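Student: As a plain string of letters, each chain reads:
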Amino acid sequence: MKKLPIVFRQIMLLLLITGIAACAGKDKQEKTPDRMTELLRQEILKVVTDTDRANEAAELTDMLRQAFAEAEKQYEKDFATFRSLNANYDASKDKFQAFFMNMNTQARARQARVLAIHTKMKTLITAEEWKQLSDVRKDALEVDLKQL
Amino acid sequence: MLIATLIALLFLGSGANFMLDGLDQTKDNVKHQISDDSVREAALVVVKRLEDTAKDYAKADGKDEKALLKLIQDFDSSAAEVKANMDASFQQRLAYQKEMIALRFELKDKLSREQWEKVFSKDTSTK
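As given, the protein sequences belong to chains X and P, one line each in that order. Taking the working numbering, I'd label the letters of the first sequence as residues 15 to 162. Taking the working numbering, I'd label the letters of the second sequence as residues 925 to 1051.
Don't read these hints as lab results, they were simulated from the structure. Only a predicted model underlies this, so the values are computations on that prediction, with no experimental measurement involved. Some clues are possibly wrong.
What the hints assert, rightly or not - 30 Å max Cα-Cα, derived DSS-like pairs, lysine-lysine:
1. 994(P) <-> 107(X)
2. 983(P) <-> 1032(P)
3. 987(P) <-> 1042(P)
4. 990(P) <-> 145(X)
5. 1034(P) <-> 60(X)
6. 91(X) <-> 1032(P)
7. 1007(P) <-> 91(X)
8. 109(X) <-> 972(P)
9. 987(P) <-> 972(P)
10. 1034(P) <-> 87(X)
11. 955(P) <-> 87(X)
12. 107(X) <-> 951(P)
13. 1007(P) <-> 951(P)
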């Protein structure tokens, strides 16, 4: 059986750790980052009562969604490059080092971008709302269980 | 928590450990494509080290994921704390990549060009 790429296994691991896989809603086949960012956007609009702050925080989820899309595209490209490089008997160590350096540079840039989104999010959302966003997830889980 | 998970995923993405993918196939190919017993056994020893290294890294990376997730979930954690976690994880990733590259070349030293192509040919490898 074809193995899932590590990045998707990481996603599933984190979903399991946080319990989101269980509360992703009725459509159990759609647990993609796209679906998750949309779920987060909806939660923010529900929990954050101040409209301006809610809209601004919701816009940040669009930035997260974009970061995910770019990361996925980059992953596919990196994976293909790595496989091709690895299959090449004549590929030098320098080639591998250059490949990883490029991949790591992009990963670091994305981390910095996401850290900035995270920091901005915390300036828009209060500690209580942050906690409520977690509670909303628990509530959703309870609703889902009641529907069984 | 959803928000923490999304952010953690983006911190961790870009296939830090995608070298683990395909190792099972590599092992199968070595077993079935290399007819010379001594070469096959020597190659399998290196493949085992590749697997062990990748699994050890995946395990350590899993701990980092949990620590990062906890930090992101905590409203009171600072950006500096999150960044420190990411930096430590990144250093671990660099060391891992270096080790895997070294082992890849060790495996290459065990195989001829023809044997290498049998093991890593596009037709026999999977994504």
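Student: For every hint, state whether the structure bears it out.
Tutor: Hints and how they fare:
{"no.": "1", "hint": "994(P) <-> 107(X)", "in the structure": "37 Å, violated"}
{"no.": "2", "hint": "983(P) <-> 1032(P)", "in the structure": "26 Å, holds"}
{"no.": "3", "hint": "987(P) <-> 1042(P)", "in the structure": "37 Å, violated"}
{"no.": "4", "hint": "990(P) <-> 145(X)", "in the structure": "19 Å, holds"}
{"no.": "5", "hint": "1034(P) <-> 60(X)", "in the structure": "60 Å, violated"}
{"no.": "6", "hint": "91(X) <-> 1032(P)", "in the structure": "24 Å, holds"}
{"no.": "7", "hint": "1007(P) <-> 91(X)", "in the structure": "26 Å, holds"}
{"no.": "8", "hint": "109(X) <-> 972(P)", "in the structure": "24 Å, holds"}
{"no.": "9", "hint": "987(P) <-> 972(P)", "in the structure": "23 Å, holds"}
{"no.": "10", "hint": "1034(P) <-> 87(X)", "in the structure": "35 Å, violated"}
{"no.": "11", "hint": "955(P) <-> 87(X)", "in the structure": "34 Å, violated"}
{"no.": "12", "hint": "107(X) <-> 951(P)", "in the structure": "22 Å, holds"}
{"no.": "13", "hint": "1007(P) <-> 951(P)", "in the structure": "37 Å, violated"}
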